[in-house]
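Asks: This is what each chain is made of:
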Amino acid sequence: MNLLTPNPKEAESIQIIREVAAQFERPVLLFSGGKDSITLVRLAQKAFFPAKIPFPLLHVDTGHNFPETIEFRDQLVKELGLELIVRNVQDSIDQGKVREEKGRYASRNTLQTTTLLDAIEEFKFDACIGGARRDEEKARAKERVFSVRDDFGQWDEKNQRPELFDMLNGKIHVGQNVRVFPISNWTELDVWEYIRTENIAIPSIYFAHKREVFFRDGLIWTANEHVYREAHEEVVEKWVRFRTVGDMTCTAAVLSEAVSLDDVVNEIRLSTLSERGARIDDKRSEAAMETRKKVGYF
Amino acid sequence: MNIQNRKLIKIATAGSVDDGKSTLIGRLLYDTQSLTTDKIEAIERSSRQRGYDYLDFSLATDGLVAEREQGITIDVAHIYFNTDKTNFIVADTPGHVEYTRNMVTGASTSQVAIILIDARKGVIEQTYRHFFIANLLRMSHVVVAINKMDLVEYSEDTFLKIKADFDALVAKSNFGEEQITFIPVSALKGENVTRKSEHMPWYVGNTLLDHLEVLEPEDLQESAAARFPVQLVIRPKTEAYHDFRGFSGKLYGNSLSVGDRVTVLPSGNESTIKSIHFFDQELESAAPGSSVVLTLTDEVDCSRGDMIVKSGETPQSEKLLSATICQVNSKPLQVGQKYTLQHGVNRVLAKVDRIEGKVHADFSGTEETDQLKLNDIGKVHFRLSKPIHFDSYHQSKSNGAFILIDEGSYDTVSVGFIE
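Each protein sequence line maps, in turn, to chains A and B. Anchor point for the first sequence: position 184 equals 270 in this note's numbering, and the numbering is continuous, going up by one each time. Anchor point for the second sequence: position 260 equals 266 in this note's numbering, and the numbering is continuous, going up by one each time.
Errors might be hidden in some of the hints.
What the hints assert, rightly or not - Negatives, chain B to chain A, calculated, CB over 10 Å: (1) Asp62; (2) Asn93; (3) Ser114; (4) Thr115; (5) Lys167; (6) Lys202; (7) Met206; (8) Gln237; (9) Lys243; (10) Gly252; (11) Arg267; (12) Asp304; (13) Arg310; (14) Lys403; (15) Ile409.
As the list claims (entries may be wrong) - Which residues of chain B face chain A? A partial, calculated answer using Cβ under 10 Å: (16) Asp286; (17) Gln343; (18) Thr346.
No wet-lab data here; the hints were simulated from the structure. Model, not experiment: these values are computed from the prediction. Idealized CB from N, CA, C, for every residue including glycine.
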């Protein structure tokens, strides 16, 4: 191996992760078991190799995670010799700090925040590394790489520090902490292509598998005891995979036959094209539907 | 094709309020199939409701539009799209009140500036300012997109008149002609954005997207001397790497190779590069822009904030510093004030000795002042607690820029470009 052409996004992320280790006393990597946080773990490995990742992982467990994700998490932590901290939303519920949602759209997704803030306080974390990306949504397009939060974990979007060149200013007052987003500049496709290039292991639910599901609001929901379902909502078995991996109550599946990383990358590329093309001009929609069928859509 | 093979081009866009910047970005996103279905439906619906016979692509960046309607502070937004060959990151820097701060911020992470001009209005005061900042930040390329050509009957004369006016500005700048490209476009109708216009046969150049794609990242990289600011010392303390002591950082300027004779600053100690590591690979050379770990043959003193350079290519080391400052915070910069100066990953204390003057951001000269307010640009002299090891910004962007951090709020209040 001679001269390596650097992947500029990877080099930037590694530089950011090293700045976290250098500028903060108690950093932590927020780990969900999803593809973005798995990518962060690989980047952190690269940042410090041959030394180990010098901070723990924190998983805020809703108790409604896919069992495949939890298995994967424990395996990864064991293989890499990492320290894992788990804090449970169930405990926050039992302590009466948050109340379980009820009914058709009940989810523990929003309850996670309390558990997270409590963990930050408990361990006095001053920097929390997360896998959020700016291309995910409009508000995130303005998020900084080092995003300062006050004692209440709040984000003052109107008063953000400008980030110039690649100089990161992590100076904070006691009680403040920083959310750090090393893959801010990555797109979903960047992440998948990286996982493929690096051959990074990911939980099996990202690949197509047979699953008992039901349809609601045009989305495909997992059918099991954690997900509220009405009697008329019929359970069927389908080939599906998950495009994002979170809590079962807020993560919908997509119909798919993508069983390898190549399939997944192709599916994402084509599905965005067809999703966009299908409704824009009639000529394209026929071809798009055909493309979709080829990769396992409806 | 994977990301390693795809080029990355970073673009900052600058324009005044109504010259169609959002429409241009929306058009680029739409034509490269980078918009989601729901977004396109929203654009179609809204365009229909407003009775337009075309699609209103400014809605593609409607996060910003909503901001404008609410009148809250407009901030730099980052937008991503790609073609088969290239990944693009657009730092969209909104064009009014705080445009200097925003454009400087967006331009600092970009290589190319797109400056929009409304063909009906031509070169206006804002254009001067946008170009001034592109010049101050020494951007690699400037694309002057002369928009709304459909509203001036696709007139070549109008295009040439605006180009001549702009060329007069170029003459006052450090840019060479080859760094500036003029493209007549209609963002609304998608002409010369990604598709050649049928209405402007007199224009024989590339469309905007084609032009952005042919820019070579090699051209955009610096050809300066190798600079390796040390971020962290890597000491695994494991059986396999018992005596390993590596220096991690991101390499700027030129490449470094195993066997290169190097000097560690500030100590001035010399050594030789023993090995270069990138994760589990050992490399012969590190390419510019790579985040690697170096080891040296000698046990030299070297820690975070130090810099490894090739012997014989040492930068300047000074405690007195002159720089052009752009104030990016509402707290003004004044004589006598102390700041933390962050240069790369190194921090020292800095005191403002003298403000030489405020620079007019329209190439019209300077005026005397005793303070620099938000969005002001000025020449400032500093005294530092310890020397820093710098190049002029003109020689090296990465080693010639710094930020000032307020000692009370810890906010980033200024950015400096070393003379």
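Asks: To test your reading of the hints: which numbers does this structure violate?
Replies: Failing hints, ascending: 2, 3, 4, 8, 9, 10, 13, 14, 15 and 17.
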